[in-house]
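Visitor: For reference, the chains in residue letters:
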Amino acid sequence: MSGLRQFFGQPRSLVGAGFLLILLVASLCAPLITPYDPNSLEFGPFMPLSAQHWLGTTALGQDIFAQFIYGARLTLLVGAVAGLIATLLSVTFGLAAAYLGGRVDEAINTLINVFLVLPGLPLVIVASAFLRGGGVWPVILVISFTGWAFGARVLRAQALALRERDFVQAAVVAGEGPGRIIFREMLPNMAGLIAANFFGAALYAVLSEAALSFIGVGDVSLVTWGTMLYWAQAKGALLQGAWWWVALPGLGIALLGTSFALLNFAIDEISNPKLGRSNVKLPARKKPAPGAGVGNPDALLSIRDLNVGYLTPGPTVRAVRDVSLDVQPGELLGLAGESGCGKSTLAFAVTRLLDPPGAVLGGSVRLAEHDLLNLSPEELRRVRWKEFSMVFQASMNVLNPVLKIREQVYDAMQAHGVTDKQKLDARARELFDLVGIQASYLDAYPHQLSGGMKQRVVIAIALALEPKLIVMDEPTTALDVVVQRQILQEINDVRRRLGISIIFITHDLSLLVEMSDRVAIMYAGEVVELAPAHQLYAHPAHPYTQQLMNSFPPMTGPRTRRSGIPGKPPSLSAEIVGCPFFERCNKRMPGVCDVKPLQTFPVAEEQTAACFLYDPTVSPALKENAIRDSQHVQMEVSRESAHSANLN
Amino acid sequence: MSYLLRKLGIFVFTLWVAATLNFVLPRLVPGDPVSVMLAKYQGRLDPAAVDALKIAYGLNDLGSPVSQYFSYLGNLLRGDFGRSISLFPTPVIDVVRMALPYTLGLIGVTTIISFVLGSALGLYSGWRRGGVVADGLTPVALFLNAMPYFWFGLILLYVFAFQLKWFPLSGALDPFPGDTYSAGWWSSLLRHAALPVFTILVTSVGGWLITMRNNVINVAGEDYLAFARAKGLTERRIISRYVLRNALLPSFTAFGMALGFVVGGSILTEIVFSYPGLGFYLYQSVTNLDYPLMQAIFFFIALAVLLANLLVDFVNVLLDPRIREGQA
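For the protein sequence lines, the chains are V and F, in the order given.
Residue numbers are given in my numbering: position 23 of the first sequence equals residue 23, and the series is strictly consecutive.
Residue numbers are given in my numbering: position 172 of the second sequence equals residue 172, and the series is strictly consecutive.
No wet-lab data here; the hints were simulated from the structure.
For every residue, glycine included, the Cβ atom is placed at its ideal position computed from N, Cα and C.
Treat the hints with caution; some may be incorrect.
[Said to hold, decoys possible] Covered by chain V, per the in silico footprint, the following chain F stretches (three or more residues, Cβ under 8 angstroms):
| no. | stretch |
| --- | --- |
| 1 | 12-25 |
| 2 | 93-100 |
| 3 | 104-116 |
| 4 | 155-165 |
| 5 | 242-250 |
| 6 | 303-312 |
[What the hints assert, rightly or not] One-sided excerpt, in silico: chain V residues whose CB lies under 10 angstroms from chain F:
| no. | residue |
| --- | --- |
| 7 | 118 |
| 8 | 126 |
| 9 | 129 |
| 10 | 211 |
| 11 | 255 |
| 12 | 261 |
| 13 | 412 |
| 14 | 452 |
| 15 | 453 |
Using the sequences provided together with the hints, build the complete structure.
Guide: So, in structure tokens, the structure goes:
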């Protein structure tokens, strides 16, 4: 239903629907609007505009305004009925092809292609010429039969995509009949597209009818806007100076067509959100307080009080909340957390790659001497890749599919002043050698490479200018374990050799503990714990970290039951009072954690946690209670698992 | 290679469908087509024309519809489309040969200009999305695209040829334009083509604009574009090598798909301006019940559109390495 609200929230769809409604009402109430019969020949020919005849009369003495209003009836009818039949054909063929697949799909697809490229209007003209004189229905049928192919092509593609979706697959496995799957599972998900398709087909129908009537095939004794144009042309309206006789019906067709097109367009935008506009205005970023942006002067990268949000028509989703982090030169900082905790948003904000509706709401980011969030576009362009580069999460699609790999390795360097062809080639070979790919792949296209190779190419490109910092957002998640290990090993070697700092983002905590110098744990947009990797492994401080660690099995020791973390993270669009982990925490202190504003406390040397267990102002008795309770629960769990183990 | 072979197969198949439609359509009318037509002429037709008509429809072959069909296809392959009724005894193929260059020149060239212009505007509108001009272009494009071609042509004709007399009222050339390809001939040709060209441009440019805009917006959301920005490439390079190269592929395919529709629509402008191309003769044949000419013109328009589509497929192979490898 939000689709409907969205639909009527747009000026475009309102204009389209409004005009259509006015036309519909006017044509239905024609006798109330004009006293004249559109076919009566009782007036003089070519009467000028007057109070009796607002738009004058035709060569045969008919009232033009009456013809216009009555003509809307048949014009609308042709548009609606032909649109409906064509859409019905599109849906039937599109769904049948997608659902039945195999030979049927191939046959229907060929049929669609044939009808698509056959020039529709000449075919309609020839067909109507043979069927001429049968009133409006042959015209409607001929238009429908030539106008369905475009919609069928679009709907088939959509249905094919739906067919592969989980819920349809599930319905198939559950043994639901084809009728049920098509009508209950697939059709409702295609409603938007079908509606858009109807308006597209109606536009085609109205234009085709006008064209047919204009050249005199079809039934010119009927009153439609098309036949009005035919008679106006046949009787030399323009030569007589009665230009309005021509102008009005054409304008009517154009406006009717526009409202069909507007509706089609508006529905399209809703079903494909990429096309829609974000109507939200980006707010001015809060300037950091004086002195706030200092941070650690030795750090290479210094993030201070960074707030990042997604501006939706509803409340702003605050995906990153007051995050402060430093990265030292040559350091590998791991960033971990569940999906949706804001780690990728943080990476995109820091590298200034966040697209609307995402926006930095406050804070500062300093890299070496650059104030990253305040660089002009051209300054930013120059700093990018030279000072910091990025390896994306979805590296499978980050290479341009139509350019050779060589060009994509070169252009990063060319954009920053390396133009000598020999130097470029030498460097490209060197980089490929570094990440373990044969130099011959420089002349391949991305689709010729495996996922692991693409990932290596991207890492090679990221190293091209030896930047000070590389942000890696889940660089190996999509790869199999063996390839993953090789690539991580190579990243680590290169980093140590070149002294590059890396921010390594993943949800795989065990991997991070092994690789990183320091690890930051994010939860609900906040950094809840920051510690050297070995310290985090040996003595996790935050209950969330402890529970995360507990969800991975240790390499050695007896088999124990792994417990996930019950519950789910809080909504990021709500204001969170106190600790965001409160609801799921096994050591929570009601009255403290859900009341006090969250702060970060030192735990050990270089280890901090945003947890009130380390708040010196909270009474030790409360803390002991909370910890005792959690152990109690822990024991119950282990007793239970021992019990079930006995049963087995 | 298999991609092009498949496209070639579809080309031949579609052409066969067009030819077969031509054979079937007259036979959908109850009774034999020639006597139905004769009834419509009310005896105004001379016997030679009746014979020609019978030959054109394979009705001189008194065998089964199947053998009629094969003799019809045989005639087609020999380029024999029968004789025109309205221009009797001129062979239909001669009329087509006379009209085709005008249509190719007017509609072929104008459609290409329109595609280039519309795509350029669509690139701007999609890339600068959110701006007043860029977003304002879409409703304008939708309106222009919903105007009937012939109607806009009529208005132009009225204002610029009839009232202001800046351009000629009809035809493709002055009665005595001078030697072919001389300066005077060219100026006469261009003056006659100006209004039809403008009509087709204005009414068809919006469709290409919307198509390109949607494609650009889709490409703008791709990971490779974020990566290109992250690399610090100049905007010029991003637009030319990343946005345009990728958005052009679906636009190009859409160009082939929409060609039948666009060409079908624009031939009507020839009627308004009495421009002696295929569309004009199609109109003439419809008003004069010249069925052989009508059907031959449909066949040749289909042939032209199909050839253009084949050309689009060839260019697609050059533009998209994935098609070359047979992956798409």
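Visitor: For which of the previously enumerated hints does the structure constitute a violation, in increasing order of number?
Guide: 2, 3, 14 and 15
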